[in-house]
Every structure is written in C-alpha cells, then in structure tokens.
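Student: Spelled out, the chains give:
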Amino acid sequence: MLPAATDYYRLLPEILAAVFGTIVMLLEPFLRREHKAALSWLGMLGAAAALGAAVLVRSDAGPAFFHLIQADPFTFFLRLLIYATALLVMLAARAYLDRENLPHGEFYALVLLGSVGMGVMAAAAELVTVFIGLEISSLSTYILASYRREALRANESALKYFLLGSFATAFFLFGVALVYGATGTARLEQVAEGVASVLLLKLGLALVFIGLAFKVASAPFHVWTPDVYEGAPAPVTALLSTAPKAAAFAVLLRIAGTVLPATLLWFWVLWGSAALTMFVGNLAALVQSNVKRMLAYSSIAHAGYILVALAAGTEAAYAAALYYLAAYALMKLGAFTLVAHLAGRGERRLTLEDYAGLARREPVVAATLSLYLLSLLGLPLTAGFLGKFYVFVAGLRAELLGLVVLAAVNTLLGAYYYLRVILYMYFREPDPTYEHAAREPVPAGTGLVLAATAAGTLLLGIFPGHLMRIAELAAASFR
Amino acid sequence: MLLLEHLWILLALPLAGAAANGLFGRHWSKRTVDAVAVGASGLAFAAALELWREFAQLTAAELPWVRSYFSWIVAGEFRADFALQVDQLTLVMVLVVTGVSWLIHIYSTGYMAGDAGYARFFAYLNLFLFFMLLLVMAANYPLLFVGWEGVGLSSYLLIGFWFLRKSAADAGKKAFIVNRIGDFGFLLGIFLLYWTFSAADFRSVFAAVRQMPVETEAGVLTAIGLLLLAGAVGKSAQLPLYVWLPDAMEGPTPVSALIHAATMVTAGVYVVARSAVIFVHAPLAQDAVAVIGCLTAVYAATIGLVQTDIKRVLAYSTISQLGYMFLACGVGAFAAGIFHLMTHAFFKALLFLAAGSVIHALGGEQDIRRMGGLRRKIPWTYGTMLVATLAIAGAPLFSGFFSKDAILFAAYASGQQLLWGLGTLGAVLTAFYMFRLIFLVFHGQPRFDEQAVHVHESPRVMTVPLVVLAVLSVVGGWLAAPKLWGGADLLERFLTPVLEAPAWLAAFPAEELHALELRLSGAAVLAAALGFLAAWWLYLQQPEKPAMLAARYAAPYRLLWNKYYVDELYAAAVVRPLLWLSERVLWQKVDVAVIDGAANGAAHTARRLGDQLRRMQSGNARSYAAWVIVGAAIVTAALVWWVQ
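In order, the protein sequences belong to chains A and B. Residues in the first sequence are numbered consecutively from 1, following the numbering used here. Residues in the second sequence are numbered consecutively from 1, following the numbering used here.
Simulated from the structure, these hints should not be mistaken for laboratory data. All values derive from a computational prediction rather than experimental measurement. For every residue, glycine included, the Cβ atom is placed at its ideal position computed from N, Cα and C. One or more hints might be untrue.
Stated by the list, open to error - Derived Cβ-Cβ restraints for the label pairs, each shown as a range:
#: 1; chain 1: B; residue 1: 576; chain 2: A; residue 2: 62; range: 54 to 62 Å
#: 2; chain 1: B; residue 1: 28; chain 2: A; residue 2: 9; range: 51 to 59 Å
#: 3; chain 1: A; residue 1: 9; chain 2: B; residue 2: 39; range: 56 to 64 Å
#: 4; chain 1: B; residue 1: 212; chain 2: A; residue 2: 462; range: 54 to 62 Å
#: 5; chain 1: A; residue 1: 260; chain 2: B; residue 2: 212; range: 36 to 44 Å
#: 6; chain 1: A; residue 1: 45; chain 2: B; residue 2: 208; range: 42 to 50 Å
#: 7; chain 1: B; residue 1: 562; chain 2: A; residue 2: 101; range: 41 to 49 Å
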C-alpha cells in the first residue's frame, strides 16, 4: 500500500520547506562568498512557500500517511505560527550574521529544516511520528545554538542543550515505548481507548510528559533554558523561545485534547507544573541584570501561563492557549530581535546599564521595546493582555480559581522586572562612555521584523477577534 | 447630533495630540507644541460642551446612550465591544476632566517652559487625557479597565518625568506596582461579574443586578463589590494602598494637580459610583466602602498635620478628601460623592497649581519651613490659594462647604453617627492643616534668604488658570447647593437617574430633614472655625508654640512625622522577603546550591556524565541533569501513585 497523492498534499508545507532547505544547503558551496547572503531570499521564499501551502492545504483537511499525519485546523494554526516565525527569524538574521561575520547558507538551511521538524510535530497524530519531528527539530536547533563557534559561552550552552535535550528525548522515546506496550499502538486515537489505571500506560504518559515538559521549558525541567537562551546567538534565541516551544505545546495540546487517559492523568501535574513554572520564572527574573537572561526567565514564566490553559482542559482553554502562543511569539520575537540589534558586535551590550538612557538616544527603538515589554507584562490594548485574559477566563470557567489567582499574582511579580527595563531606558542617565558607542542604524530586515511584530502586538490587542476565531476552530479539531 | 453619533471624536482629539507631539514634538518650536497640546485638550473641552448641548435633547428612554464601534474581545459567548456610553454621570466626569485638564495644559505651558523634555511632557499629558476619557466613557468593564491601566501607565511616565532624580523614577515604579495590586482585585472582580452574569457591559449587568435581592449576608455581589473596591482603593489611594500617592509628588506640579488630585485618583470613586447598583445590593461591601473612606479621611489628615513639604501636605489632603468621597458612596449618597469629586477637582487642582506657583516663585523650594511672608510678593497666588483653602476647609458659601456638608449630612442621616463624628473630626483637622500651610507660606516673616532668592509672581499663563479655578472653587458649589440654602440641588437631580437615591432619605419628613441639615451645617462650620482658630493661634499668634508642642509630645509627633511607619512596615513585610526569596533562594540556592547539592546526593549516571562534562569546562550541566532526574522522579511518582 503506497501513499496516495493526497497524502503528500496534506504534508505539502513540510515538503516544501524541506526542499527549499536542501536547495539552500546544496547551493551554498557554489556561491561566491559575497553572494551567500542572497541565500536569505531563498530561505525566506521557502518559508513563504510553506506558509502558502499551509493556507492551501487548509481547505483539504484530513488524515495522511495511514493516520500518522493529521492535517486539520489545529495543524493549520501551528503551521502558520511556525513558518511565519521562521520567516521573521531569517529576515532579521541576515544583518546579524553579517555583523557577527557568521556563515549564511547553513543558517537558513537549518532554520528551514528545523521548522520542518516542528511542522511534523504539529501535524503528527502518532507518537513515533512526533518523535521523528522532535528529533529533526532538535538536531537543527542544537547546531543553531552553537552557531557562534568562537564564542566560548555559546559553545558551552549549546553542549548543555544537546546533552540535556538528548536526555529529555530519551525520556520521551521510552515513554512512547511504554505507551505502545500498554496499548499496542502509538496512534493517539487508539491510545485514547487505553485504560488510565494501567500502570504501564501511566508510566508511559508520565515519561512522555517529561520529555515534552523539557521542550516547553516548564519547571522543574526548565533548568537548561536560561543558559541556552543567554548563550545562543540572539536571533536563534528568538527562534528557540517561540517556534520549537509552540511545536512542543502543540504535541501536549493534541495529546491532552485527544487522549482521555492523558487528560485525566496529567491534570494535577499540569496544575503543579503551571504554578511552579510561573513562580520560578518570575521570581528568578526579578534579580537578573542581563536583559537576555531576564527574557529567558520570562519565557519560562509565560510557559507557565500556557500550562494554566492546558490544566483547564476545555476547548475554550485550548483556543486560549493557541492564542497565547501566537501573541507570545510576536512579543518574544520582537524583543529578542531588538536585543540582538542593541547588543552590538559580539553581543557585548546586554546588561540593564547598557539600556540606560536609550530612550534619548533612540526614541523609536526604546518605544518599540517598551511595547513588547508592556505586552509581556499584560497591559490592556496589547496582545499579551488578551492572551492572559482568555487564559484566565478559561481557567475560571473550568473552576480553577486557585490556579488563576496564582497566575494573577504572578502577573504582579512580572510587572516589576519588565518595568525595570523601561525604567532604565527612560529614567536613567546613560553611562557617558556609551554616548560614544557608535549608534548603529536599525538594518532594513530587522526594522521590518520589528514593525511587523509591533504592529501585530497592537493589532492583536485591539482586534483579537479574527485570530481568536481561527484558534477556536483549531481547538475544535479535537472533538 | 454629530458628537453623540461619533463619541470617538472626543477620544481621538487627545490621542492625536499625543501622537503628534510624541513623534514630531522634538523638532518643533515651543509655540507649535503648545498649539498642538493646548489645542487638543481645548478642543476636547469644546467637544464635551457640545456633547452636553446634544445630550440635553435626548429623552430618558434613550439613556444610557451607547455607541458600539467594533467587537473587541469575543471568546465563546463572552463578548466585550469597543463601546462608549454617555449618561449623566459620564457627562459630569467628561466635563470636569476635559475642563480642568485644559486649564492645566495652559498653566503647564508656563510652568514647564524651558524644560528639556517639553514636547514629551505634553505628549504624555495628552495621552493621559485620552485614557481618562476612555475610562469614564467606556460602556463595559473590560474597556473601562483599559482606560484604568492606561491612566496608570501615563501616571507612571509623568511621575518619573524628571528621571534624573532617582527618587522620581522609584516613585513612578512604586505607584505602578502598588496600583497593580489593586488592579489585580479589580480584574478578578470583572471576571467574577462575567462569571455571574455572562456579560460585562454596564446595561446588562445592572439590569441583572436589579433583579436580584439585596444580599443581607455575603454573597456573590458582595464579593464583586469588594473586588471592585480593591481596585478603587489602589487607584484612589485609600487605606491600605495609599502609600504611592505621597511619593507621586516627585512628578511635575501640574501633573500632581491634574492626575494626582483632580482626575485620575478620583477614578476609584467613579467606579464605585458607576457600580452603585451593585453596592446598593451588597450592603456589606457598601459598608466597607464607608469605613475605609472614613478611616482614610481622618488617618491621612493626621499625617498632613505635621508634614513640611508643601506638595506632600496637599497629597495627604487629597487622600483624606478622597476618603470623604468614599464615605459618601458608602452611606448611599453617591451623588454627594460625585459632587465632592467635582468641587474637589476645582479647589485641589487650584491648590496644587498655586503651590506650583509658590515653588516657581522661590526657585524650586518646597519646604514650608523655609517660606513665609509671601503674601504681598505674589498676591495673585496668595489670593487664589486662600480661596481654595476656604473652599476645602468648608467656609460657608464656598464650594467645599456644600459638598462636604452633603457628605456629613448623609453619614449622619443614614444612621452612622460614628462615621459622622469621625468625618467632622476630619473637617477640624482639614481646616487646621490647610491654614497652617497658608500661614507658614504667606504670613509671618520670610524664613528664606531674601538676597539670594528673587521672588516673582508667575506669568499670566499661570495666573489666569488660577483665577478661573478660584471662581469655580466658589461657584462650583452653588450648582448643587441644597434647597436649604436657596439652591436648586441641580447636580443631585441631574444624577439621580443613574445613581440610586439613598434608601434612608424617604424615611425623613421634609421639615425634620431641614432642621437636621441646619444643625449639622452649624456643626460643620464650627468644626472648620475650630481648625482655623487653632492654626491661627499656633502659627500666627504664638509661632514658637508648635516646636514646643512637638518637643513635649515627641512620641506621637514622631509617629505622625514618619507617617505611622507604614512604608517601613511594607518594606519589611512584603518587599524585602520577596527580593530575598528571589535573590538568596532562587538565585543563589536553587540555581547554584540546590541543583549542585542534588547532584552530589542523587543520580549516579548524572555525576559520571558531569565528570566528563567538567573536562569540557561545562560547569553545572551535570547538576542540571540531576535536577531533571529529580523532577522526573517526582512527576512519575505523582502520576503513578497519587493520581487515581
């Protein structure tokens, strides 16, 4: 039995991204050094093609490859998120790679191939397929994290990422094996018929959860995150904190949404992990003086809010989680892109002191960063506020009053450190030595990314309806 | 009916002003910046007047007038539109906010002249006006919350405006964070509202509440009321969340006048009055409003007695006056609360602007111990400030007399004699600290170096708004003067359709009511006179006495001087433990010690892995791995054994 044409069609976005990724990689050795930057166009074209294909495939939802893959509105939502993120990361990376004197071709190829893996994770309806996607995506991101080969710190953190990541993948794989042992299948629809009280299934689902919890950086499996986010090149951090996390959340959501035993079993673990993740992320962020590291902790905290929605476990909650993922991706992409730009060559300027008086040197840049920070903080009229609002409402609807109160307390804590960055930018005198630091104009690609993410942050805050409807449709896929 | 159909115009004007000055103001001359900022706020005021004219033509059936522009949040059956609303309460607020704001914009063109961040200042000020109008015009709670957070943000930006002073930046942050505590309650209140009524717009919510019985025991309405109150307490600087307002005085004085006296801080009162139906149906929550308001009124007044910074005296006075407004709402006299909100907007804005003029005249001096004898040197400032002082102290026929009387009368008539007694004590204190301020600043001998300081009256752009506000501080009260004094009680009748009339009012026969009103007014005048005489005797007749008294009663004096040590208490009980947890526990212990420690104790494989890693200079990866194993063990154990 061979796959039919529709099977390939339903996987078209991933196929296109893989093809473009491969072409970029193959072309790279044949281009002269000064032309290699042009590969970014090809890479972005690949991401755009994948986006287009995702929209195309949307009208033809259904299973593919013998139910290993499921192209449904849920997959559509995540494909949009993943490939749009890849596109923006590549758009902003070009100037960064030029500045840091890093090779171009591999970067775009790796981003594309990594997003293939994430796309597969989002589309997978079977656990071994999830694992394949996870590996494809992880291997690319491991290399990307060590992309600054000369930087000691980047290498160290990439190695940690690799070791701990493999560790977590092993958990996941072992879990899959146990689930298979318990139910005789790895297809989620069939696993759903398993009995939650069987020890083997319990163990299997526990290990699957741990593997994924590592990928979404939720406590207590978050320990790798600050080091890796801090050490990786900033555009890679922008990618790491958004797309792979969204893909891992997609798997969590799909399992929680379709596999009833998992929904039941995971509830308290999700509850506890959500609470712990929010507190660990926010409390640790309070004392950071390195902005990149602070944002890393803030990423952890945000994963906690999304876990609140998962714990709520209703369709509205899943829609809220998806909305949150999109809103979160916008602000984090924007923030890390800006951090990458402001850090300057070699990423030296990362501390709060370096941001002192920024508002006077570069008012537009400072205002943009403030927008992201206010959105992360959850101020109304920004995407971040509505993300929290939807999650909290869904949590209350599911009668998780305690958890929602904890989440609300955490938004208070968050206010402190986001505001501190704004405080430095607007209310502090710049260190006189930085006045002489050459003001680098914002490169065109970076500027476009900033404009897009800032506009998105505002638009999603004022007109959230459209995206929310797509998210609701996506969440309805699990019925 | 241009404005009624297009309510958004009112919001668009200041927003456009903020955007223009924020984006291009740096490149413009002062005149252009002035024209844009004053123009935007002036047009907003004109629009508010036009709105009033159009509003008068509406019939009662058409109220509240709601215009929905687009659907903002839609999630399942939850729905919140970007919808604006006009009714009597909104109209009063819009007129007060735009009117006072316009005067303060004009004043600021003089006060802020020459400041490096001139355009930025006006951009923030316009932005504030936008959010404040959004707050009072919103037709549902979520949109109100947008304005609510927005004014908080602009206030934060304006408090920290002089960022070279570290204290200013810190004060801004303090204001924002303390407010977030209240906002947290407010947001929970909105959630609970939606939870209960499946709606969050005023019309549906209030209609639903009217169908419910009055809660004699704590129920869901009580909970909603208390949560909304938590937000109001934060924004309106009531006990126990008042601590940010005195520090907020670090901002430029026009900001203190506009945001921290006349408008933003009254948003809490507005929300309580707006939610009058809810509070009337939840007497327990309403009692809490009254008690908090009354305690704050007296508490803040006592601190105001001994402060020496001219703006801080006024700040504590604001907290105290806001307490009176809460007291009014708490005893069911919502209209009286809004009346006092309006008169207070006039005379307190005036007090701050006049104080700014004094500071300006003395070249930045704010300590009243180094003032004195300014009466003849800056006569306009003196005259107008005296008018405002008479108004706030409750001198007969001045605006504050009518509005404070209405509140104290309501407190007494509702049967809360104790609250009335405390409120009257507060009135004595108010008259005392205000006249103490006047005497120390304007009378007696100058206590500053007259050679070094060239005292000068402020320019016309600053004194004209003072005079306008002084006129309003007198006549503003006549609008709502009760029949007893020959007034027509206009404001209260105007507001009655929106704000429930107090239940106890019906119980009184008319003659008895008048007799009571007369007696209570007499008591209030006596209270004011007592405060005035005490200040006059202590600070004009026996100027050496205050120091002697302070020395004799050192302990209570120090207590007041240090503001009951509440800041210190909060620092010790809340702020330091949190930072300690973050720094010592999560940073040093968990990041470093616990994870390392876990590695030493647990997970043999991880250790071996770690040893190899160490050679690669990768310090704590092994401890991370150990941490993952510990976590994994916990999660697995939880799933396998605990969860059934």
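Student: State the violated hints by number, sorted upward, taking the hints as numbered earlier in the document.
Tutor: Structure breaks hints 4, 6, 7.
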